[in-house]
Amino acid sequence: VVTVRPSGGSTVLTFDHELDGTYAPAVAVQIGSVRR
Amino acid sequence: VVNDRWQTDLLFRRLMGLRPARGSFDLFLKRVTARDPGVGTSYGYNRQETDADYAPFEQTLFPDFVSAVAKNGRLLLHVGPAGGGGQIPPEQRSRLEAFGAWLDANGEAVTGTRPYHVAGATTADGLPVWFTQAPGRVNAVVVGRPTGATVRIRGVSCPRRAGACSATAAW
Numbered sequence: 001v002v003t004v005r006p007s008g009g010s011t012v013l014t015f016d017h018e019l020d021g022t023y024a025p026a027v028a029v030q031i032g033s034v035r036r
Numbered sequence: 037v038v039n040d041r042w043q044t045d046l047l048f049r050r051l052m053g054l055r056p057a058r059g060s061f062d063l064f065l066k067r068v069t070a071r072d073p074g075v076g077t078s079y080g081y082n083r084q085e086t087d088a089d090y091a092p093f094e095q096t097l098f099p100d101f102v103s104a105v106a107k108n109g110r111l112l113l114h115v116g117p118a119g120g121g122g123q124i125p126p127e128q129r130s131r132l133e134a135f136g137a138w139l140d141a142n143g144e145a146v147t148g149t150r151p152y153h154v155a156g157a158t159t160a161d162g163l164p165v166w167f168t169q170a171p172g173r174v175n176a177v178v179v180g181r182p183t184g185a186t187v188r189i190r191g192v193s194c195p196r197r198a199g200a201c202s203a204t205a206a207w
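Here the protein sequences come in this chain order: A and B.
Under the numbering used here, think of the first position of the first sequence as 1, with each following residue one higher.
Under the numbering used here, think of the first position of the second sequence as 37, with each following residue one higher.
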C-alpha cells in the first residue's frame, strides 16, 4: 500500500514497508486522478 | 523485415515512422512512433552472440520501453529464432519473460495509456520516473530500485484539490 501527497512542488509516495528491490525494475504507482 | 544495422534505409524508416533502434526519444512524439531495437546486436539470430551481447532487461530494455511509452512511443523488440528448430533462444526468451512478468503485475501503468503532460521526472535519489495517464488516473513508474519507505518525485506535484492524490493503488 502506498499513500500519495503533494509536498513543496514534489509528489511524495509513502509505502507501508521498506522497499528492497522486490519491485525491480520499476515501481508503478497510481499517483493521482485526472479531471475528465 | 527491415534491417537497418548499416543505416541504409533511412528514407524507409522515415516513411514508416521508425526511429533509431538505439537511444531514446528526446521529445513528445506527435503521433505514435516506434523504436525497433534488436534484443541483441543483430536483428536475426546470431550464433556467435552470447548472453553478454544481448541488451540487459533491467538496465536497457525496460528503461527504453517505459520511457518510450511515456513519450507517446512504442518499443518494437526484435527477436530472432535460432536455426534448425526455430526456437527462441534462452537469452532472448528470458528477456521477453521479464517483460511479461512486469506487465502481469503492472500492465495498468502502460497498457491503454496516453502520455501525461509531463513525460518524466526524477526522484530525490536520482531515479528516473515516467508518467502515463488513462481515463481518471495518472501513473508514475519509478525505474530502478528505490530504498526506504518514501519516494519523493521532484518537480511534479499531484493536484491539491480534494481527492486528487487519494489514489493509493500500488501494483
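These are calculated hints, taken from the structure and not from any lab test.
Just so you know, not all the hints are guaranteed correct.
[As the list claims (entries may be wrong)] Straight line, CA to CA, 25 angstroms or less: simulated SDA-like cross-link-like pairs of lysine to any residue:
{"no.": "1", "chain 1": "B", "residue 1": "LYS107", "chain 2": "A", "residue 2": "ASP20"}
{"no.": "2", "chain 1": "B", "residue 1": "LYS107", "chain 2": "A", "residue 2": "HIS17"}
{"no.": "3", "chain 1": "B", "residue 1": "LYS107", "chain 2": "A", "residue 2": "VAL12"}
{"no.": "4", "chain 1": "B", "residue 1": "LYS107", "chain 2": "A", "residue 2": "ASP16"}
{"no.": "5", "chain 1": "B", "residue 1": "LYS107", "chain 2": "A", "residue 2": "GLU18"}
{"no.": "6", "chain 1": "B", "residue 1": "LYS107", "chain 2": "B", "residue 2": "ASN82"}
{"no.": "7", "chain 1": "B", "residue 1": "LYS107", "chain 2": "A", "residue 2": "TYR23"}
{"no.": "8", "chain 1": "B", "residue 1": "LYS107", "chain 2": "A", "residue 2": "SER10"}
{"no.": "9", "chain 1": "B", "residue 1": "LYS107", "chain 2": "B", "residue 2": "ALA185"}
{"no.": "10", "chain 1": "B", "residue 1": "LYS107", "chain 2": "B", "residue 2": "ALA170"}
[What the hints assert, rightly or not] Label-pair distances were calculated between CB atoms; the ranges are:
{"no.": "11", "chain 1": "A", "residue 1": "GLY8", "chain 2": "B", "residue 2": "ALA118", "range": "48 to 58 angstroms"}
{"no.": "12", "chain 1": "B", "residue 1": "GLY120", "chain 2": "A", "residue 2": "ASP20", "range": "13 to 23 angstroms"}
{"no.": "13", "chain 1": "A", "residue 1": "THR22", "chain 2": "B", "residue 2": "GLY80", "range": "28 to 38 angstroms"}
{"no.": "14", "chain 1": "B", "residue 1": "ARG110", "chain 2": "A", "residue 2": "THR22", "range": "48 to 58 angstroms"}
{"no.": "15", "chain 1": "A", "residue 1": "ASP16", "chain 2": "B", "residue 2": "GLN123", "range": "39 to 49 angstroms"}
{"no.": "16", "chain 1": "B", "residue 1": "ARG83", "chain 2": "A", "residue 2": "GLY8", "range": "35 to 45 angstroms"}
{"no.": "17", "chain 1": "A", "residue 1": "THR3", "chain 2": "B", "residue 2": "GLN95", "range": "23 to 33 angstroms"}
{"no.": "18", "chain 1": "B", "residue 1": "PRO117", "chain 2": "A", "residue 2": "VAL1", "range": "36 to 46 angstroms"}
{"no.": "19", "chain 1": "A", "residue 1": "ALA24", "chain 2": "B", "residue 2": "GLY172", "range": "22 to 32 angstroms"}
Positions of the beta carbon are idealized from the N, C-alpha and C atoms, including for glycine.
Broken hints, numbered, in rising order? 1, 2, 4, 5, 6, 9, 12, 14 and 16
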